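Note that the protein sequences, when read in sequence, are chains Z and F. Its first residue numbered 1, the first sequence is counted upward by one per residue in my numbering. Its first residue numbered 186, the second sequence is counted upward by one per residue in my numbering.
Treat the hints with care, as some may be off.
Below are the BS3-like pairs computed for lysine-lysine, each with C-alpha atoms no more than 27 Å apart in a straight line [to be verified]:
#1 Z/Lys116 to Z/Lys136
#2 Z/Lys154 to F/Lys237
#3 Z/Lys131 to Z/Lys116
#4 F/Lys406 to F/Lys237
#5 Z/Lys136 to F/Lys406
#6 F/Lys423 to Z/Lys109
#7 Z/Lys96 to Z/Lys136
#8 Z/Lys154 to Z/Lys131
#9 Z/Lys116 to F/Lys237
#10 Z/Lys125 to Z/Lys3
#11 F/Lys423 to F/Lys363
#12 F/Lys289 to F/Lys363
Just so you know, these hints were derived from the structure itself, not from any lab. Everything numeric in this text was worked out from a predicted model, so none of it was measured.
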Amino acid sequence: MSKGNYVDILPLSGKYVPFSGDEVIGTVNDMTSSNWLFDINSPYPGVLHASESPWKVEFGATAKYLELGDNVTARILSVDDSKHVQLTMRDQSLRKLKGGHVVDIPYAKVPRVIGKSGSMIEMIKEYSRCKVLIGKNGRIWIDGEVENVLKVAKAIRIIDEESHTHGLTDRIRDFLESSFPSKHG
Amino acid sequence: MSMDLPEGMKLIDENGKRLDGRNADELRPIRIEAGVLRRADGSAYVEMGKNKILAAVYGPRECHPRHLQDPTRAIVQCHYNMLSFSVDDRKRPGPDRRSVEISKIVGEALEYSIFLEQFPRTSIDVYIAVLQANAGTRCAGLTAASVAVADAGIPMRDLIPACAAGKVADTIVLDLNKEEDNFGDADLPLAYIPRTGEVLLLQMDGHLTQAEFNRAIELAKGGCSQIYAVQQDALRRKYSIAAGENGGKEEEARGNVA
């Protein structure tokens with residue numbers, strides 16, 4: 001889309017740049033006495049202070065609640081000019097993700113996985129009967145029967161590879177129908 | 186710069202053809218492939234005549250060593266490396282004066298084209314590996330690196346095509362090969378963006394008169410325009426192939442990335 005001398009470009013690849021208010025899925029990278037550092041699939045780590053967590057964390061007891069490698073959903077609280085990222089989990093919907101499987105895709109493809117007003121993701125959930133959470137940062141958490149989870153991961157990989165082509169939704173529907181034959185006849 | 190011409194070697198024959206049969210204003214055959222490395226964020230492979238060059242881009246990512254970090258913008262760390270088997274006599278591996286210089290100038294050209302201010306505190310790491318060298322590797326390296334940066338999805342002002350012109354046997358010619366570079370009178374590598382007319386890299390080895398210099402610049406700019414088209418095509422092709430394999434929607438896919 002162009003406007004005067006400006007052009008708006010949708011990238012096909014690239015790194016996620018954190019934006020205040022985005023809901024992301026992070027993985028614990030490192031921790032201090034009062035902070036967790038998250039890998040949020042971006043050049044910048046996300047900092048979650050104990051006071052922004054849903055728990056009452058005593059000083060030095062961060063490891064009791066989240067350990068290295070744990071996944072959470074979090075919201076980006078603030079990003080300053082040099083891209084220092086603060087996270088928050090103080091919301092009903094934000095939580096630690098227990099179990100499940102995490103896959104990464106380029107953040108630019110997130111809208112393709114969600115589809116028009118959620119059509120793609122709803123279709124995937126319906127066929128697979130898996131729980132699927134998508135972070136704005138391109139990290140996707142899938143939980144359910146192991147077999148089904150792997151099929152959903154495959155479907156997401158197809159969306160990633162073919163996101164720029166036409167008739168994607170139909171092809172994904174075909175894939176899901178052949179992968180989950182029991183449902184829909 | 187010129188060495189003694191081996192006996193019986195004619196850089197330009199009676200018909201005005203060069204050693205490899207090219208005309209004075211002709212590029213060597215060029216082929217560019219984008220996205221050839223799976224684990225890199227962006228990559229490209231360039232063949233320009235007998236030059237074979239691989240470029241990989243990682244980032245923007247956390248900057249190491251930390252003291253190089255800039256709180257306001259990203260930095261470009263470019264590493265040009267000639268592999269030991271890239272030339273006739275084995276090249277001693279590792280950085281040397283020449284490769285440090287080329288890393289610097291190529292990195293600076295890339296720095297100019299990338300919107301660095303969008304990624305403060307990060308580093309964009311560019312690795313250029315010369316698998317086979319036949320003169321003009323700095324230009325081919327920059328051509329490859331710039332496609333790799335675009336493939337990595339890093340926002341940039343434009344692709345950077347680069348090529349050299351020079352003086353061989355009293356004639357101004359485009360894109361010197363190994364023999365012409367070794368036994369010629371002058372070499373003038375140029376990186377130039379056809380869309381805006383900006384010059385991002387210009388060096389000269391040897392002597393040229395003002396008129397010869399102007400002619401060489403003109404030739405090199407023409408060469409850059411041709412390479413620019415090949416660069417764009419490489420990026421388009423990367424996405425149209427994926428579509429072609431999965432249902433033949435090639436044309437539509439082309440439209441989407443154009």
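Taking the hints in turn, this is what the structure says about them:
1. Among the hinted pairs, Z/Lys116 with Z/Lys136 is consistent with the structure: their alpha-carbon atoms are about 16 Å apart, no more than 27 Å.
2. The suggested pairing of Z/Lys154 with F/Lys237 is violated, with an alpha-carbon distance near 35 Å, which exceeds 27 Å.
3. Between Z/Lys131 and Z/Lys116 the CA atoms are separated by roughly 19 Å; this keeps the pair inside 27 Å, and the hint holds.
4. At roughly 22 Å between alpha-carbon atoms, F/Lys406 and F/Lys237 fall within 27 Å of each other, so this suggested pair holds.
5. Among the hinted pairs, Z/Lys136 with F/Lys406 is inconsistent with the structure: their alpha-carbon atoms are about 43 Å apart, more than 27 Å.
6. For the hint linking F/Lys423 to Z/Lys109, the alpha-carbon distance of about 17 Å falls within 27 Å, and the restraint holds.
7. Between the alpha carbons of Z/Lys96 and Z/Lys136 the distance comes to roughly 17 Å, so the proposed pair stays at or under 27 Å and holds.
8. Of the supplied pair hints, the one linking Z/Lys154 and Z/Lys131 holds, its CA atoms being roughly 15 Å apart against a limit of 27 Å.
9. The hinted pair formed by Z/Lys116 and F/Lys237 fails the criterion: a straight-line CA distance of about 44 Å is larger than 27 Å.
10. A threshold of 27 Å between alpha carbons decides the hint, and for Z/Lys125 with Z/Lys3 the separation of about 38 Å lies outside it, so the pair is violated.
11. With a C-alpha separation of about 31 Å, the suggested pair F/Lys423 and F/Lys363 falls outside the 27 Å cut-off, and the hint is violated.
12. Restraint check for F/Lys289 and F/Lys363: satisfied, since their Cα atoms lie roughly 23 Å apart, inside the 27 Å limit.
The structure shown violates the earlier hints numbered 2, 5, 9, 10 and 11.
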